[in-house]
Amino acid sequence: MLLTDRTVMKEIQNIDLEEVKELYLNPVVRKYLGGPRDEDSMAALFEGMQTSDEKFLYLVVREKGTNHFIGLVSLDPHHDGENIEISYQFLPRWWGKGYGSEIVEEVVGYAFNEMNLQKITAETQMANVYSCRLLEKTGMKLEKTLSRFGETQCIYSIRPNERRIYIG
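Per UniProt numbering, the sequence shown starts with residue 1, numbered consecutively.
Some clues are possibly wrong.
[What the hints assert, rightly or not] Quick list of in silico lysine-lysine cross-link-like pairs, DSS-like style, CA-CA up to 30 angstroms:
(1) K31 - K141
(2) K119 - K64
(3) K10 - K119
(4) K119 - K31
(5) K137 - K97
(6) K10 - K137
The set of hints was computed from the structure by calculation and includes no laboratory data.
Start from the sequences and build out the full structure, keeping to the hints where you can.
Written as structure tokens, this is what we have:
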């Protein structure tokens, strides 16, 4: 379990399925993530999150005090096969309130301090300006751009010595 001032992050469990589906079926959330997933693919996707290797992390994010579902954050293999990527999806009602940077900073700190990772990558579409800003705000640096999935993607990264310190 990870905690910030306003959130609680716990490993994904069966009871989280309906809320996680809400993310993956939401066209606004999935606009820059390949679009909504279909119901049929959700079972396999969800099972994969629950049975992933110990070196990967899938956390459900909830608001402290209310237990309201905010979204999902993960550390899992990047498309390049070499790095671990931080990914996140949050329900729109939580956007623009600072939750994203609070959550990303906490998970990055955990990855460096507890998992001993030496680099974390993040990939987002260049068109997703808010996600690019969030990554930059948390100390990530633009490493390169490339074309993938028919769109220009921004690849960001951060190493332990480049990290901002979040006190939560």
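Okay, the hints, checked on the actual structure:
1. K31 - K141: 23 angstroms, holds
2. K119 - K64: Within the cut-off at roughly 29 angstroms; holds.
3. K10 - K119: 23 angstroms, holds
4. K119 - K31: The hint holds at about 27 angstroms.
5. K137 - K97: 13 angstroms, holds
6. K10 - K137: At roughly 24 angstroms apart (the allowed maximum being 30 angstroms), K137 and K10 satisfy the hint.
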